[in-house]
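Single-letter residue listing:
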Amino acid sequence: MTTAEKTRGRFGIYGGQYVPETLVANLHELEQAYEAVKQDADFAAELELTLREFVGRATPLYFAERLSADFGGRVFLKREDLAHTGAHKINNALGQALLARRLGKTRIVAETGAGQHGVATAAACARLGLDCVVYMGALDCERQRPNVERMKLLGATVVACEAGSRNLKIAINEAIRDWISRPEDTHYLIGSVVGPHPYPAMVRDFQSVIGREARAQFIQREGRLPDAVVACVGGGSNAMGIFAGFLDDEVELHGVEAGGRGESHAAPLNSGSPGVLHGALQYLLQDDDGQILDTHSIAAGLDYPGVGPEHSYLKDNGRAQYHVVRDEEALQAFKLLARREGIIPALESSHALAFAQRLLAQRPGLSVIVNLSGRGDKDLPSLMERKLL
Amino acid sequence: MSVHALTAAFERARSEGRKALLPFLMAGHPTPQAFTRNLAEAGEFADVIEVGVPFSDPLADGPVIQAAAAQALKHGTTLASTLEVLGSRKAGPPVVLMLSVNQVLAGGLQRFAQRAADAGVSGAIIPDLPFEEQHEAREVFTRQGLALVSMLAPTTRHERAEAILKHAQGFAYLISVAGVTGAREGFAPETIEYLRRTAAKSPVPVCVGFGIGKPKHIEQLREHADGFIVGSALIRGLNEGQAVREILAPLRAACEAALTTDNQQLTTGTRS
Chain G
289 MTTAEKTRGR FGIYGGQYVP ETLVANLHEL EQAYEAVKQD ADFAAELELT LREFVGRATP
349 LYFAERLSAD FGGRVFLKRE DLAHTGAHKI NNALGQALLA RRLGKTRIVA ETGAGQHGVA
409 TAAACARLGL DCVVYMGALD CERQRPNVER MKLLGATVVA CEAGSRNLKI AINEAIRDWI
469 SRPEDTHYLI GSVVGPHPYP AMVRDFQSVI GREARAQFIQ REGRLPDAVV ACVGGGSNAM
529 GIFAGFLDDE VELHGVEAGG RGESHAAPLN SGSPGVLHGA LQYLLQDDDG QILDTHSIAA
589 GLDYPGVGPE HSYLKDNGRA QYHVVRDEEA LQAFKLLARR EGIIPALESS HALAFAQRLL
649 AQRPGLSVIV NLSGRGDKDL PSLMERKLL
Chain H
203 MSVHALTAAF ERARSEGRKA LLPFLMAGHP TPQAFTRNLA EAGEFADVIE VGVPFSDPLA
263 DGPVIQAAAA QALKHGTTLA STLEVLGSRK AGPPVVLMLS VNQVLAGGLQ RFAQRAADAG
323 VSGAIIPDLP FEEQHEAREV FTRQGLALVS MLAPTTRHER AEAILKHAQG FAYLISVAGV
383 TGAREGFAPE TIEYLRRTAA KSPVPVCVGF GIGKPKHIEQ LREHADGFIV GSALIRGLNE
443 GQAVREILAP LRAACEAALT TDNQQLTTGT RS
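Chains as they are written, first to last, in the numbering used here: chain G, 289 to 677; chain H, 203 to 474.
The hints are simulated quantities; they were obtained by calculation from the structure and are not laboratory data. Where a beta carbon is used, it is the ideal one built from N, C-alpha and C, also for glycine. Hints may contain errors.
Covered stretches of chain H, going by a simulated chain G footprint (3 or more residues, C-beta under 8 Å) [what the hints assert, rightly or not]:
(1) 210-221
(2) 228-239
(3) 324-335
(4) 342-356
(5) 367-381
(6) 435-449
Beyond 12 Å from chain H on every Cβ pair, some chain G residues (computed) [said to hold, decoys possible]:
(7) Gly304
(8) Pro308
(9) Ala313
(10) Glu317
(11) Asp466
(12) Asp576
(13) Asp577
(14) Asp582
(15) Gln609
(16) Leu668
Take a look, some chain G residues computed to stay more than 10 Å from chain H by CB distance [as the list claims (entries may be wrong)]:
(17) Leu311
(18) Glu341
(19) Glu430
(20) Asp515
(21) Gln579
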C-alpha cells in the first residue's frame, strides 16, 4: 500500500467502486482474496518463481550509449520488451491469473488495446489451464493483427468489438458486460491500473516489480539514484509499475500521454477533467454532459480516454508530471532507437523515448531511466501498410 | 412530483388490485419527436415511467438499449433536452431517470438534483452508483424530494440486501438475472426464491427488471413482486415499428390479471 491510499480504494478523491450492483460481490471477493495473498508467502514464492522461469525476469537495465550521446545525457532503458510475450503486461497477467485460480475461477476475460495484454493473458491462461476470452476493438484488431494471431495460437477466443470507436474503451465495456453476465465462474483480468478498486492497486502491485528491479539495478551500476524516470501512460500500468519503485525517493517522475495528431488525442491528464469511467473516478476526456469523448493515438495501447486513479492523484499533488507527445514525435523516436541501438520499441514506449529526448534537450546531462514497456514487432505490418516506415 | 408521487403510484396500483407496470423509454429514441409522443402514449399504461438519458458507454446495458442510446446521441439528445421534454408534460405518471453516474456528476450533483426536480422528475436510477458510493447523492436528492432508487442483484449477499433495503426510497429495483439488460426466455427457480426473499423484507414496493418482455414473464413472477420494468422488449418493439400501445397493452393486462390470481390463491388459502 502506498501513502496515496489513505482510505480504502481511494487515491485522494480518485478511485472507488462505481460498478453495477451485480459486480459488487465479485469485487468484494477479489478484494478479500487479494488482501489474503499479499500476506501469503506461498503465493509470493509461486509468483516469483513463475516470473523468473516463465517470464525471464529480472529484465535488464540497459545503458543506451549511442542514444545517450544523441540526446545529451545518460539514458537507461528498462527492458520490459524482453519479458516473455514482449511487454510488461505479463507481470500483471500472471499475478492475476494465479489469483483467479485460487478463487476457483475457470474462465478469464480480458480487454486489450495493442494486443500486448491480450497475448500476455492468453499465455498466462495457457500456462495455468484457464479458459480465455479477449475483447479487442475492431480497429485495434486491424492495426495489431500479429497479436490477434498470437492470441488465437495460444488458445484464446478473440472477440472483435464493432461498437463506437472500435478501440480499447469499447473492449473494456464489452469485457465488463461479459463479467456481469457470468460473475460466478469468470475473473475479469484487467490489463491496466484502471477500473474499480481493488484493480488499480492490485495491478500496480503486480507491476511494481519493474520499479523494484530498476531501482536496485541503477544503484548497483551507478552507485546513486537516477535523476528522472520516464514512462508512457495510457491507462498507466507500466508507468505506475516503475514509479512505484521511486515514489519515496528524490527522483523526478514523468508520465507521457499520447498527443495524437494534436486536436484529436488521448491525453486526459493534460486536457481532461475528473469523472467516472469503467468503475473509477479519474481524469478523463468528456464533454459538458459527461459523455466520454473519442480519442486518437497512433499507439493502440494509449488510445484511451481515461487514466488510472493513482496517476490522477499524483498529478494533483505534483509528485509526478505528465506531458504530451504526438504521433509523429513518437514515430521518430521509434525509428531512432532501431537505428542507434538495434532495438525496435513499441509505439507506446516510443512516446516515453521522445519525451526523454525533449527533457535532455532542455536539461542536458541528466541520468534518465526510460521504461521500454514493450517491443515493436506488432506495429510493423500496420506502419508498413500506411507507408509510415 | 417527488418521491411521494412514486409512493402514491404504487399505492394506487395496489388499491386497484394490479401489479405496477414500469415501461422504460430512451430519451430521443427513435427520434426526439417520437420519444415525446411515446412518452405520452406510455402514460396510459404505466404506473411509473423510466426515462433513460443516453450515455456513450453504458456498462449494464445489452445491445438493444446500447443501440437506442447511440441513436439518441446522434439525434443530439442531452440531459437538458430530456428534462425540457419532461418539464413540459401536463399530465402522466411519475418519471424516474435512468442514467450513468458520470452524467449526474458532470454538471455537479446539486445542480443535477435541482434541474431534475424543476422538471418534475420523481427520482433517478444510477446503475453504476452502488450502495457504498450513494451517501452524498442520497442526501442531495432527499433535500430536493427525489428518490435515489436502489438496485439489488441475484449476487447481492443477504446482509448487504438488508442494508440496501433499509435505505430504499420510492421502490426497490430487483435485477432478475446476472447479466446486462435484455429480454430472456424464462426464470430459474433461484430467481424466484431470491425475489420472494427480498420482497418479504422490503419496506418499499419491489419491482423486477432485466428480462421482462412478455406477459408470461409477469405471470411467472407476479406473486412475489409489486411491479415490472419493461425496457429492451419495448425498445425492440419500437424499432420494429410497433406502437407503444401494441407492446404495452398485453403487459398491462398481465399486470391486471394479477388481481384475479392473487385473490384465487388467497381464497384457496383461506379454505384449506
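The hints, checked one at a time:
1. 210-221: violated (count 0)
2. 228-239: violated (count 0)
3. 324-335: Result for this restraint: holds, n = 7.
4. 342-356: Three-residue rule met by the segment 342-356 of chain H, so holds; n is 4.
5. 367-381: holds (count 3)
6. 435-449: violated (count 0)
7. Gly304: violated, 6 Å
8. Pro308: violated, 4 Å
9. Ala313: For G/Ala313, whose nearest Cβ neighbour in chain H is about 4 Å away, the distance does not exceed 12 Å, so it is violated.
10. Glu317: violated, 10 Å
11. Asp466: violated, 9 Å
12. Asp576: violated, 7 Å
13. Asp577: violated, 5 Å
14. Asp582: Violated, since 9 Å does not exceed 12 Å.
15. Gln609: holds, 26 Å
16. Leu668: holds, 31 Å
17. Leu311: violated, 8 Å
18. Glu341: holds, 37 Å
19. Glu430: holds, 21 Å
20. Asp515: Holds, since 38 Å exceeds 10 Å.
21. Gln579: The assertion about G/Gln579 is violated, with a minimum of 4 Å to chain H.
Hint check: violations occur at hints 1, 2, 6, 7, 8, 9, 10, 11, 12, 13, 14, 17 and 21; the rest are consistent with the structure.
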